[in-house]
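Number of protein chains: 4
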Amino acid sequence: MHQARGEKHWIIPDGFIPPKSAPGDYVSHESICVLNCSSEEAQLQITIFFEDREPLENISVAVAGRRTYHIRTSSLSANGASIPVGVPYAIEVLSDIPIIVQYSRLDATQAANALMSVVAYPIK
Amino acid sequence: MHQARGEKHWIIPDGFIPPKSAPGDYVSHESICVLNCSSEEAQLQITIFFEDREPLENISVAVAGRRTYHIRTSSLSANGASIPVGVPYAIEVLSDIPIIVQYSRLDATQAANALMSVVAYPIK
Amino acid sequence: MHQARGEKHWIIPDGFIPPKSAPGDYVSHESICVLNCSSEEAQLQITIFFEDREPLENISVAVAGRRTYHIRTSSLSANGASIPVGVPYAIEVLSDIPIIVQYSRLDATQAANALMSVVAYPIK
Amino acid sequence: MHQARGEKHWIIPDGFIPPKSAPGDYVSHESICVLNCSSEEAQLQITIFFEDREPLENISVAVAGRRTYHIRTSSLSANGASIPVGVPYAIEVLSDIPIIVQYSRLDATQAANALMSVVAYPIK
Chain A
1 MHQARGEKHW
11 IIPDGFIPPK
21 SAPGDYVSHE
31 SICVLNCSSE
41 EAQLQITIFF
51 EDREPLENIS
61 VAVAGRRTYH
71 IRTSSLSANG
81 ASIPVGVPYA
91 IEVLSDIPII
101 VQYSRLDATQ
111 AANALMSVVA
121 YPIK
Chain B
1 MHQARGEKHW
11 IIPDGFIPPK
21 SAPGDYVSHE
31 SICVLNCSSE
41 EAQLQITIFF
51 EDREPLENIS
61 VAVAGRRTYH
71 IRTSSLSANG
81 ASIPVGVPYA
91 IEVLSDIPII
101 VQYSRLDATQ
111 AANALMSVVA
121 YPIK
Chain C
1 MHQARGEKHW
11 IIPDGFIPPK
21 SAPGDYVSHE
31 SICVLNCSSE
41 EAQLQITIFF
51 EDREPLENIS
61 VAVAGRRTYH
71 IRTSSLSANG
81 ASIPVGVPYA
91 IEVLSDIPII
101 VQYSRLDATQ
111 AANALMSVVA
121 YPIK
Chain D
1 MHQARGEKHW
11 IIPDGFIPPK
21 SAPGDYVSHE
31 SICVLNCSSE
41 EAQLQITIFF
51 EDREPLENIS
61 VAVAGRRTYH
71 IRTSSLSANG
81 ASIPVGVPYA
91 IEVLSDIPII
101 VQYSRLDATQ
111 AANALMSVVA
121 YPIK
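Chains as they are written, first to last, in the UniProt record's numbering: chain A, 1 to 124; chain B, 1 to 124; chain C, 1 to 124; chain D, 1 to 124.
In case anyone wonders, no lab produced these hints; they're calculated from the structure. Mixed in with the good hints there might be a few duds.
Repeated chains share a single entry, so a pair holds when one copy, or any two copies, can fit it.
[As the list claims (entries may be wrong)] Quick list of in silico lysine to any residue cross-link-like pairs, SDA-like style, CA-CA up to 20 Å:
no., residue 1, residue 2
1, K8, P98
2, K124, T47
3, K124, H9
4, K8, K124
5, K8, E41
6, K8, P122
7, K124, A4
So here's chain A without its partners, still in its complex pose (with noise of 0.2 Å):
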């Protein structure tokens, strides 16, 4: 058996899924990247938050034993509410056994492309 490693509390705060993507290779997209190092599943709870309205809670996600998941953020949804694109928002992660979670942005707006990625910040 492997021992879970890392947290089970992470938040990212900039998260922004852009509105259009140039035609090419890529298609504008946001990561969640989780890896669960146990050989237990893990379930998570994706909380996000909003400038200007009530957060959307309880989304559910699973990871399995000894993967990783990069999970389009864009794919989340709670009770038929999805994240609308090119709106600032914030992401909370919860785990029921400790993760590991960081955060990627494909910007492809354009021809060419940008990235950018974090390690979320762990809540101890």
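Since the structure of chain A is already known, use the hints to place chains B, C and D on it.
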């Protein structure tokens, strides 16, 4: 009631507002991205440090409870003074309750944009 | 004798080797950048995690004392298996002595390159 | 008097000075961005580590009190030796008082620039 999370004191050593933007979808900008997990409003005091002059102090910003706020640095001002473009500077964020802070820059000087982002450094 | 600094266990959740490179100065690549501050050689064991298959384990790399080593992920292999291009993965680095680890990606899929970098997450 | 904040010892494993710049607004460069929150001057000692040769040691830099300093790595030298371009290296920053350190790279090898940034790793 939701609990405040994170830290009350954050540092970003590398600030720079690109002086120009190429025509296109984006304008060059920087954002101080804050998440306030608590149910209470957070009161922020921002200080801007320069290489060759006295700091710009006592810039006040409020972030509502259970909200994120992506603050454009070009919008900050104290006593009529704001951050000049094209000049290296650094940012200190103090908050009355714990928050989480990330900093991102979109440089649209050229038609081909560039992006960078860091989680700010927490002073504990 | 110089002392070892940093941590022995580091995680990078977002790995991805871009499948192609446009003609130009750069080829798409990722690097695991290690600094070994000590006078002794560091022995690293790297594990690669995937979304849909078993991890690639026991990849050995040595980093000489008082040296840095910027390891191209495309050069890593274990039992004849290496990391496929165009597939999301995650990286775990274990070292017998403390080191510091940063991860950077240059995406040269297009003529206009994109860069991202994070300090890896230390497990303490 | 303002108090010193941060740490006295910081590491950046991924240094690289791009060997060329395309014509345009920017020249390829890297900066070690320091914030000195205290009222006193900070005395820095920088060491540069390579993959295949002895470190470049005892590079001295001063950062004034209540100031930031964005140090171009290409400006650093010790005993007449400076950092060669196009070579992987790593950076260690020691300070006599606590400071905060971030590292950013602008790669203008191509007309389309790329940016990356990390907060340096603090040794506690």
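Consistency of the hints with the structure:
no.	hint	verdict
1	K8 to P98	both (5 Å within a copy, 18 Å between copies)
2	K124 to T47	within (18 Å within a copy, 25 Å between copies)
3	K124 to H9	both (7 Å within a copy, 16 Å between copies)
4	K8 to K124	both (8 Å within a copy, 15 Å between copies)
5	K8 to E41	within (13 Å within a copy, 25 Å between copies)
6	K8 to P122	both (8 Å within a copy, 15 Å between copies)
7	K124 to A4	both (15 Å within a copy, 13 Å between copies)
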